[in-house]
Amino acid sequence: MVAPLSGLRVLELAGLAPSPFAGLILADFGADVVRVDRMQRFTTDELSRGKRSVCVNLKTKEGVATLLRLCEKADVLIEPFRPGVLESLGLGPSILHARNPRLVVARMTGFGQAGTYSQMAGHDINYLATSGVLSLLGRAGEPPLAPGNLLGDFAAGSLFCVVGILMALQQRQRTGKGDVVDAAIVDGATYLASFVLRALESGIWAPERGTNMLDGGAPFYDCYETKDGEYMSVGALESQFFARLLGGLGLTADDVGDQIDQSAWPEMREKFAAIFRSKTQAEWSGVFDGTDACVTAVVELPEAGRAPHGADRRLVVEAAAADGGDASLEAAPAPRFLGLGQDTRKGTGPSTPFRFDVRSRPSVGEHTVGVLKENGFTATEIAQLARANAVNGPGEGKSRL
Amino acid sequence: MAATRALAGLRVIEMAGLAPAPFAGMVLADFGAEVVRVDRPGIKNIDLLSRGKRSVALDIKAPGGADTLKALCRKADVILEPFRPGAMEKLGLGPAVLQAENPGLIYARLTGFGQTGKYARLAGHDINYMASSGVLSLLGEKGKKPAPPANLLGDFAAGSLTCLLGIQMALLERSRSGQGQVVDANMVDGLAYLASFVHTFSHIGLWDTEKRGENLLDGGAPFYDTYETADGRFMSVGAIEPHFFRNLLRGLDLDPAAVPSQNDLSDWPRMRTEFERAFRERSMKEWTEVFDNLDACVTPVVGLTETDKHPRPFLVRGPEGDLQPRPAPHLSRSSYFAKPDRRPIEGEHTRAVLKELASFSDAEVDALIERGVVVDGSVHRDGWNRNSFGQEVDKDSRC
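Chains B and G are the protein sequences, given in the same order. Per this note's numbering, the very first residue in the first sequence carries number 5; after that it's consecutive. Per this note's numbering, the very first residue in the second sequence carries number 6; after that it's consecutive.
If we strip away everything but chain G, and leave its shape as in the complex, we get (with noise of 0.2 Å):
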C-alpha cells in the first residue's frame, strides 16, 4: 500500500516519563514519525503506549551522556520532554543550548503546571492539574465531591493532545521562518482553554459554574444522563431537542401527558424517577434495539474493551495479541500502521539510532557503552526480542 503517512521523515525524540508525553509520542509515531524515547538505562520504562518508537537506553547524567542527547537532538525536529521545568538547563540539555546548535528544533516542554508559576516546581498529578484549572470544581454529582474522569482529559486532552497542537503549529510557523520554538504544553493552562465553552455557556445563563451537576450537561438534567438497565448495564441518554426527547418518551413507552415537562427544572427529580424506573424493565440488548431505530440521542454505555464488536472497527490487535486502539482522526490519503508495531525493548535501538541520526561509528558507540552512558538493550540474557510481556515475539514484526 503505498499510501504516505502524514508525519513522515519526522524527527523526533521523546525524553521517556510517564503517560502524556508517551502518548504524544505514540500519536507522532502513529502517524508515521520517526520517535527515539530515550530511556534511562537499568529503569524498566512501563510506558504502555510505545509501540512503533525506537528506544535508547542513555544516561544523560553521566559523563559524556548530556553530549550524546546533544548530538541526537542535532538533527532532529523535535524533542519532547515532560521533566521538571530547569532540570533540562542544569544538565546544559535547556532551549538555549540545544536551539543554537539546532535552531529549527521544537522543544516541547509538557508539564503539568508549565514553566512558570507558584506552582512551577512541584509535584503533581492529573487530578492537581485539574483542581488549579477550574475545571474539576464543575465535575461530579450534584451534592457530592468533584470527581474527575479518570486522568483522561487533563494527562491525555489538555496534557498530550495541547502539547501535539503546539508541536504541529510550530513545525508549520518554522515552513516560513526556519525556526524553532520553545512550547510550554502543560496541562493546567489546557484545561482551562479546554473549558472555554463552559464560560461562554455561563455568560449567556445555561451553565451555573457553581452548581456542579445540576445543569444540562453535567447530569443536571434527565434527559442527559444515565441509566441502569435490566441486566446491571447502562444506556446513555443525550436528548437535549425537543424531537429527540419525543422520541425518548416515544421509545421508553411513556405518556407524554404524564411526564413533566422537558425544561421545567422543578420537576426534574419527578422525570428522573419515571426514566429510572422504565429503563430498569428491559437489558441494555433489548434497550439498544428499540432506540437503534428511533432518532432519541440513547446509545448503550459499551465497556472499553468491548468496542471490536461494535459498529466502528476501533481496536485492532497487535502483534502481541492485544487490543490496540486505531489511531484518530482519520486522514484519507493517509495510512497510520496497517497493524500495530510491537512495542520496542529498552535500549533495543541504541547503536543504530547513535549510527544513524549522529552518525557515530561502532567504535564510538562501543566505548559508551563501556563506559555506562549508554546500554545496547539488543542483547538480552534470555535472548532476542522479547516483548515487555516477556513473550517471543518476531523480530522482523515492524511493518
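Okay, chain B solo, but in the shape it has when bound (with noise of 0.2 Å):
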C-alpha cells in the first residue's frame, strides 16, 4: 500500500517534543517533512527519522523570505513559538495566507494562542494543572502525579495536532482552503478526559484523586509486585473476570467479600498482595495467560518489543545506526494497516508482517541546498543567502549533537 500521506509537504519549524512528535507521525506515514532548524550545529530532536532539515536564519530578511517561499508550494507548516511570534517575525497567518490560502498553520502549544496564561512559559505538567486533569491523577493521599510527559507533550498536545491537521486537510478537500489549527496541550487535554468529566457530574467518578474504579482504589485494578521484583497489571473489572482473577489466585469468593464492597477493599488488597509476591512474574503470566481474568504482565519499555505479544506486535525495533554508532530502539508506528479487505484470521498468529522502514535521522541543514533547488531556487540565489547568512552554505553539513 502506498503510504496514506506520500504526496503530503510539511514544514515544521524545529522545537521541543510535541512538535517533533507530530512531524514525526507525519514523515512515518509518508510525508514529506521538512524541519526548519537555526542555524546552529545541532539539534534537540532526535525524534526525526526520515524527516531532512535545512537551516534557515528567520532573524535575517531573507531568511524570513526563503521560508515564505517554501510555504508556497507547502501543505502544512507546523509551528511551536509562543503565540505572537511567528507574527514579530513576519510570518503571521495572514501573510501565509495571503501567499499560499491553501495552507495549514498548525499553532502547537501549551496554552494555546489566546488566553490569560498565553504568554507564559510552562511544561507539560503545567498544561496538564490548568486542564484538570492533573487534579485526577496519583494515589490517594499523596500530591498529584504527572505520568512522565506522555499524556500532555504527546497525547494531548502531537496526537490532537496531527488530528486537527488531517481534518483541516480534509476540509480542504471541500473548501480548497487551508485553516489555522490552534493546537494547545491545555484544550487537548480537558477535551481528552471527557469521559472523567462525565463520570464526575453523573457521580460515578469521586473527586477525590486515587479512590475511584479507574485511578488506583480498587484492588482488583491495580499493580502488584511479585516475588522477583517486577509487577502484574490486575485489570479485573467485571465480575466474570473477577471471579477468574480470584481463581488464579487461589481464592474463593468468600475469602474476599463482594467485589464492589469497598469496606472490604483494604483487606482484598492485602490478600492480593501477599499473594502475588509468593510467584515470579514470569510464573504469574504462566497462571494467567490465556485466561479471561485481565491479568498481565509491566513489562519493561526497553524489553517491550521481546515481551509475548509486544514481540508479536513488533512493538519497538532495533534500529543500527547510520553513523555506525550506538543502535536505537524505534517504535512502530501506529495504527497498523492491514490492507482493504483483510480479514482477521482465527487463532491468536503473530501480527501479518507490516512495512517499518527505519529512516535514518538527518544532520543540521543536511538539505538545505536539495530542498531550495526543489523549491525552484537557482544555485546563485542559494549561494547570496548562504553568504548573507540567511541559511547554512553548500557543505556546511552540521553534525547531529
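These aren't lab readings, by the way, just hints derived from the structure by calculation. Check each hint, because a few of them may be wrong.
Restricting the straight-line Cα-Cα distance to at most 25 Å, the calculated cross-link-like pairs of lysine to any residue (SDA-like) are [said to hold, decoys possible]:
no.: 1; chain 1: G; residue 1: Lys150; chain 2: B; residue 2: Pro147
no.: 2; chain 1: B; residue 1: Lys65; chain 2: B; residue 2: Lys77
no.: 3; chain 1: B; residue 1: Lys231; chain 2: B; residue 2: Ala247
no.: 4; chain 1: G; residue 1: Lys95; chain 2: B; residue 2: Gly345
no.: 5; chain 1: G; residue 1: Lys123; chain 2: B; residue 2: Glu304
no.: 6; chain 1: G; residue 1: Lys147; chain 2: B; residue 2: Ala247
no.: 7; chain 1: G; residue 1: Lys123; chain 2: G; residue 2: Arg89
Using the hints, put the two chains back together into the complex; each one sits in its own frame.
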C-alpha cells in the first residue's frame, strides 16, 4: 500500500517534544517533512527519522523571505513558538495565507493562542495542571503525579495536533482553503478527559484522587509486586473477570467478600499483595496468560518488543545507526493498516508483517541545498543566501549532536 | 453562523462499546460527521460520550440483523467496531464482506491488544494494555509500584486518538485511490508509539527507564513536580530551564546560595524538602498570584470541573445543564457545535436512519421491529425525549 500521506508536504519549525513528534507521525506515514532548524550545530530533536533538515535564519529578512517561498508549495506548517512570535517575524497566518491560501498552519503550544496564560512559559506538568486533568492523577492522599510527559506533550499535544491537521486537510478537499489549527495542550487534555468529566458530573467518579475504580482506588484495578521484584497489572473489573482473577490466585469469593464492597477493599488488597509476592512474574504469566482474568505482566519499555504479545506486535524494533553508532530502539508507528478486505484470522498468530523501514535521522542543515533547489531556487540565489547568513551554505552539513 | 464543519458529510457507523470507541465517535461528531451509533436493543447504553450522535437499536445477531447492518454500511464512509477480534467475521460482517460491497469503506477496529498476537483474544483493560506496551513500567513514584494515569493514556490517547489518526489518514488516501482500508487501532501499539520520545531520551542518557520516578520528567526532579499548599491544594512546578529555576527560587523567596545546585542529583532530596516547606506557607490562590507574574513555569493544579472558571473557557454547559468539554483542537475556519447536542436515547433514530442511509421503507422497518431485529426507541412508555437522566428535554434541541 502506498503510504497514506505520501505527497503531503510539511514544514516543521524546530521545537521541543510535541511538535517534533507531530512531524514524526506525519513522516512515518509518508509525508515529506522538512524540519527548519536554526543556524547552529546541534538539534535537540531525536524524533526525526525520515525528516529532512534545512537551516534558515529567521532573524534575517532573506531568511524570512526564503521560508515564505518554501510555504508557497507546502501543505502544512507546524510552528511551536510562543503566540505572536510568528507574527513578529513577519510570518503570521495573514501573510502566509496571502501567499498560499491552502496552507494548514498548525500552532502547537501548551496554553494556546489566547487566554490569560498564553504568554507564559510552561511545561507538560503545568498544562495538565491548568486543564484540570492533573488533579485526577496519583495515589490517594498523595500529591498529584503526572505520567511523565506522555499525557500532555504527546497525547493532548502531538496527537490532537495531527488529528487537527488531518481534519483541516479533509476540510480543504471540500473548501479549497487551508486553516489555522490552534493545537493547545490544555484544550486537548480537558477534551481527552471528557469521559472522566461526565463521570464526575454523574457521580460515578469521586473527586478524591486515587479512590475510584479506574485510578488506583480498587484493589482489582492496580499493580502488584511479584517475588522477583517485577509487577503484574490487574484490570479485573467485570464480575466474570474478577472470578477468574480469584481462581488464578487460589481464592474464593468468600475469602475476599463482595467485589464492589469498598469497605472490603483494604483487606482484599492485602490478600492480593501477599499472594502475588509468592510467585515470580514469569510464573504468574504462566498462570494467567490465555485466561480472561485481565492480569498481565508489566513489561519494561526497552523489553516491550521482546515480551510475549509485544514481540508478536513488533512494538519496538532495534535499528542500526547509519553512522555506525549505537543501535537505537524505535517504536513502530501506530495504527497499523492491514489492507482492504483483510479479515482477522482465527487463532492468535503473530501480526501480519507490516513494513517499518527505519529511516535515518538528518544532520542539521543536511538538505538545505536540495530542498531550496526543489523549490525553484537557483544556485546563485542559494549562494547569496549563504553569504547573507540566511541559510547554511553547501557543504556545511552540521553534526547531529 | 455559516462556518463549515471540518468533517461535514462524513458518514460514520459506530458499533456501541465502552469508552474508547464512543470517544472517537464523539470527536468525529463534534467536528461535523454524521455518527450513527448502533446499540443492542434492550441494553441500556452507558455511553456518556454520545452528544450529537444518532442511535439505532439493532440486534446484529438476530436473523436479518446482519443484513440490516450491511445495508447501513453500503453508504457509510467509516465503520468503527470495538469487538473482540473475529467477532464481526463470525457474523459475516468482516472487512472481506463489507468492503466487497463498499470498497471505499474505512473499517476501523479499535481494541486493546490488537487484531493479532498472543493476547489478541484475551479480555483486558487500560491497565493491562499499559502493562504490555512497556509504558506502565515508567510511571509512578520512586520505590513504589507503577501507577497508570486513570484510563487516559490507554483508552483515550492510544486508543481513540490513534484510531482517529488512522481513520483520517485512510480517508485522505482514499481520495487518491478510491479505496478504503482496515485500520488496526489498538492501545498496545498506540502506547508504544506514543512513548517514542522516551526511547530517544533514554538513548541520550536522559531517561533511565529502569528507574521509575527518578528521572527529570517523571517526578524525580524536585523542580518538575507538584507541591502541597497551606490550604491542602497543589501547585505544579515545571522549572526545568535555568532561568525558570531562578524565577522559581525568587517566587519562593529562597536564597539561591542556600539551595542546592539545580542539576546536582545527590542534593535533590534536600532541594525537595526546601520546596515542600516553602510551598506549605501560602495558599494556592496566593501562590498563583505570585507566579502568574513570574515566568517560572509554576501553575495551580485546578480541579477538572473547576476549569470553567479558569483562564480559558474549556467547558460549556450542555442542553441538560451538565458541564461538557469543548472540542480540541480549534480550527479557525471551522465551527463545531455552538452548543453541545444532547445525548440520544437508545434507538431514537432507528427508523429515520434506516430510511435515510439504507432506503428502507416504513413497511420494511415495521417488519424488522415486529421480528425484534430493531427497536424504535423514539416511542417511550413515559413519552418523548427523556435524556439518560430521565429528565425531559426539548425535542428540537439539536443545533
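Hints versus structure:
no.: 1; hint: Lys150(G) - Pro147(B); result: holds, 16 Å
no.: 2; hint: Lys65(B) - Lys77(B); result: holds, 20 Å
no.: 3; hint: Lys231(B) - Ala247(B); result: holds, 23 Å
no.: 4; hint: Lys95(G) - Gly345(B); result: holds, 15 Å
no.: 5; hint: Lys123(G) - Glu304(B); result: holds, 18 Å
no.: 6; hint: Lys147(G) - Ala247(B); result: violated, 32 Å
no.: 7; hint: Lys123(G) - Arg89(G); result: holds, 13 Å
The structure does not agree with numbered hint 6 stated previously, though it agrees with all others.
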